[in-house]
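With the sequences and hints as input, model every part of the structure.
From first to last, the protein sequence lines stand for chains S and F. According to my numbering, the stretch in the first sequence is residues 2 to 340, in order. According to my numbering, the stretch in the second sequence is residues 2 to 340, in order.
Rather than coming from a laboratory, the hints here were simulated on the basis of the structure. Since we're looking at a predicted model, the values are computed, not measured. Warning: the hint list may mix true and false statements.
To be verified - Within a straight-line C-alpha distance of at most 27 Å, the following computed DSSO-like cross-link-like pairs (lysine-lysine) qualify: (1) F:K262 x S:K262; (2) S:K262 x F:K205; (3) F:K147 x S:K205; (4) F:K172 x F:K205; (5) S:K147 x S:K176; (6) F:K205 x F:K176.
Spelled out, the chains give:
There are 2 protein chains.
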Amino acid sequence: MAENRRFILQRRPSGTPAAEDFALVSEPLPELADGQFLIRNHYASLDPAMRGWMDDAPSYMPPIPLGTPVRASTVGEIVASKSAEFPVGAWVSGLNAIEEYSIGMAGGFSQIVDISIVPSPTNFLSVLGAVGMTAYFGYLEVCQPKPGDVVLVSGAAGAVGSLVGQIARIKGASKIIGIAGGPEKCARLIERYGYDAAIDYRGKSVDQLTAAIAAEAPDGVNAIFENVGGDILDAELNNLAMHARIGLCGLISEYNNPGEKTGARNIWQLIVKRATMQGLLVADYVPRFGEGITEMAGWLREGRLVFDEHVDEGIDNALPAFLRLFSGTNDGKMILKLS
Amino acid sequence: MAENRRFILQRRPSGTPAAEDFALVSEPLPELADGQFLIRNHYASLDPAMRGWMDDAPSYMPPIPLGTPVRASTVGEIVASKSAEFPVGAWVSGLNAIEEYSIGMAGGFSQIVDISIVPSPTNFLSVLGAVGMTAYFGYLEVCQPKPGDVVLVSGAAGAVGSLVGQIARIKGASKIIGIAGGPEKCARLIERYGYDAAIDYRGKSVDQLTAAIAAEAPDGVNAIFENVGGDILDAELNNLAMHARIGLCGLISEYNNPGEKTGARNIWQLIVKRATMQGLLVADYVPRFGEGITEMAGWLREGRLVFDEHVDEGIDNALPAFLRLFSGTNDGKMILKLS
Numbered sequence: 002m003a004e005n006r007r008f009i010l011q012r013r014p015s016g017t018p019a020a021e022d023f024a025l026v027s028e029p030l031p032e033l034a035d036g037q038f039l040i041r042n043h044y045a046s047l048d049p050a051m052r053g054w055m056d057d058a059p060s061y062m063p064p065i066p067l068g069t070p071v072r073a074s075t076v077g078e079i080v081a082s083k084s085a086e087f088p089v090g091a092w093v094s095g096l097n098a099i100e101e102y103s104i105g106m107a108g109g110f111s112q113i114v115d116i117s118i119v120p121s122p123t124n125f126l127s128v129l130g131a132v133g134m135t136a137y138f139g140y141l142e143v144c145q146p147k148p149g150d151v152v153l154v155s156g157a158a159g160a161v162g163s164l165v166g167q168i169a170r171i172k173g174a175s176k177i178i179g180i181a182g183g184p185e186k187c188a189r190l191i192e193r194y195g196y197d198a199a200i201d202y203r204g205k206s207v208d209q210l211t212a213a214i215a216a217e218a219p220d221g222v223n224a225i226f227e228n229v230g231g232d233i234l235d236a237e238l239n240n241l242a243m244h245a246r247i248g249l250c251g252l253i254s255e256y257n258n259p260g261e262k263t264g265a266r267n268i269w270q271l272i273v274k275r276a277t278m279q280g281l282l283v284a285d286y287v288p289r290f291g292e293g294i295t296e297m298a299g300w301l302r303e304g305r306l307v308f309d310e311h312v313d314e315g316i317d318n319a320l321p322a323f324l325r326l327f328s329g330t331n332d333g334k335m336i337l338k339l340s
Numbered sequence: 002m003a004e005n006r007r008f009i010l011q012r013r014p015s016g017t018p019a020a021e022d023f024a025l026v027s028e029p030l031p032e033l034a035d036g037q038f039l040i041r042n043h044y045a046s047l048d049p050a051m052r053g054w055m056d057d058a059p060s061y062m063p064p065i066p067l068g069t070p071v072r073a074s075t076v077g078e079i080v081a082s083k084s085a086e087f088p089v090g091a092w093v094s095g096l097n098a099i100e101e102y103s104i105g106m107a108g109g110f111s112q113i114v115d116i117s118i119v120p121s122p123t124n125f126l127s128v129l130g131a132v133g134m135t136a137y138f139g140y141l142e143v144c145q146p147k148p149g150d151v152v153l154v155s156g157a158a159g160a161v162g163s164l165v166g167q168i169a170r171i172k173g174a175s176k177i178i179g180i181a182g183g184p185e186k187c188a189r190l191i192e193r194y195g196y197d198a199a200i201d202y203r204g205k206s207v208d209q210l211t212a213a214i215a216a217e218a219p220d221g222v223n224a225i226f227e228n229v230g231g232d233i234l235d236a237e238l239n240n241l242a243m244h245a246r247i248g249l250c251g252l253i254s255e256y257n258n259p260g261e262k263t264g265a266r267n268i269w270q271l272i273v274k275r276a277t278m279q280g281l282l283v284a285d286y287v288p289r290f291g292e293g294i295t296e297m298a299g300w301l302r303e304g305r306l307v308f309d310e311h312v313d314e315g316i317d318n319a320l321p322a323f324l325r326l327f328s329g330t331n332d333g334k335m336i337l338k339l340s
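What follows is the structure in structure tokens.
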């Protein structure tokens, strides 16, 4: 255990990340200082937001420094400790990095988790992790659901989107429409996640997407949970109901585009419909995670939430596993097994 | 008084409206039906929003039908009446059209106004009209001002923008920055409307505008009142403070652009700063206009609000007067004198 394999960012990607942007290095573990503990990372969460952290651009977090491991949420077990609060044998989850071992400290990003309440520790990276809390707080706080809402979710087969549709159902939406890429994902939206309708965006122009949404929501959409951006957002803006609320969670269609951003071309419709578009970031809700985990865990026990995890194995597969998020070849929350 | 000259939309403009899109016709006045009254329109309001009404596109109002006069707010005097509520001699303001005479009816768009409370009846088309109410309700309800806010207004020398800056001052903003075109307007922002800083957008790229705003608001902008869109909005999005509120009032930079819309390319910053962009339309606040007129009239009497009107004369000047709004050659609220 003297060596730690780490997935290092050695060059900032231009567009889609390439193998040359990263290096897998093996480094000796440093000695623990007082108050620190050593986490054996069993699983790392792979999320679209990580692509933004690789850029040298102002964002809600500083860029990942070159020469350091790629920032990621992990779940793992404490294997050595100089902190009384974080004893050996406890499991923790938090914002660490894609590396076999991370050093934590009290007051840092790691929280002890009770893995006995879930079937797998990976669940703390999915339904009870940042992904689940993004769906929960993003939908409830930013989309401001009202019973009877017609709800639209883009990236609906993704880790966040699949949960948003189910939370919308629990909160009384009258119709839940998902947008996803390809017939298999669209089928899964309806059969597995309980969406009422699924729209396959592939091969559709903005006008065609606009018409496809209008066919499902002839009176417009009351709440939108946006993960994708680009043409999909433009088509959504053409289908707003009066006073619609758009929660802007992500813009995955733009993350690997080094050129000019598309943004939202149809914001005129925000005026026409007196609608609101609001950015959301799960980090704002960290102080309320306990509340979210409790309610989501309850829904899980009651069988009202299903979710999927896609686990790829091995730190040497970090890049191809990460790129699944952009090719859409993952079937559920993307997780990398590190142990 | 048997003839009524009317400024008719005879073809939908492509891009900037041209003379061939309109016709000045003279038509006989119809007989009044019971409940109707005849308004001698003395003044018509010319507003950027009218450009949108000329298009055959879904919006918050139906398009102006071809062959009918161009819709506009007017102020005028009742010269004949078959309505007890709207007697001859009363002045009314409301949504009518660019024509010498309009027919009103009880329960329609016209409201009786007391012209004795203002220096000129035109004021009911400017500071106490839709323009003033847009500034008042848009800023207070959508921008949600807080004392100490750094406030940014685009189109700041315009009819709405010049009032927003002054209302922001009354409501305790710590710094009020205006964006306008050209050194004369920028000087007027500071000398006449009390802005703290003025940025001339002309000849500036998005990056240069971004830097110019950052120089005035190094900690970001808390509230934005947006009238312009395009590059200016993109630069503003690069300068948001956390939880910034953007009131989207207009996008004048796009109204005469028949091609693809620019929209807002930097909406990623809404996520980074958990900011809100909300469309606003003064029509939503009609039931509260009394409240707004009372407070604005009070500020006027106290000398806390100044405003400018630019009156062009004659219905045969309707088009060049309207086009001033887009060339920026008007000095204040654009009004056409019809009598």
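So, going through the hints one by one against the coordinates:
1. Annotation: proposed proximity of K262 (chain F) to K262 (chain S) holds, straight-line Cα distance about 13 Å (limit 27 Å).
2. About 19 Å separates the Cα atoms of K262 (chain S) and K205 (chain F), which keeps this hinted pair within 27 Å; it holds.
3. Note on K147 (chain F) and K205 (chain S): the hinted pairing is violated, with a Cα-Cα distance of about 44 Å set against a maximum of 27 Å.
4. For the hint linking K172 (chain F) to K205 (chain F), the alpha-carbon distance of about 31 Å lies beyond 27 Å, and the restraint is violated.
5. Only pairs whose Cα atoms come within 27 Å are accepted, and K147 (chain S) paired with K176 (chain S) is accepted, the gap being roughly 12 Å.
6. About 22 Å separates the Cα atoms of K205 (chain F) and K176 (chain F), which keeps this hinted pair within 27 Å; it holds.
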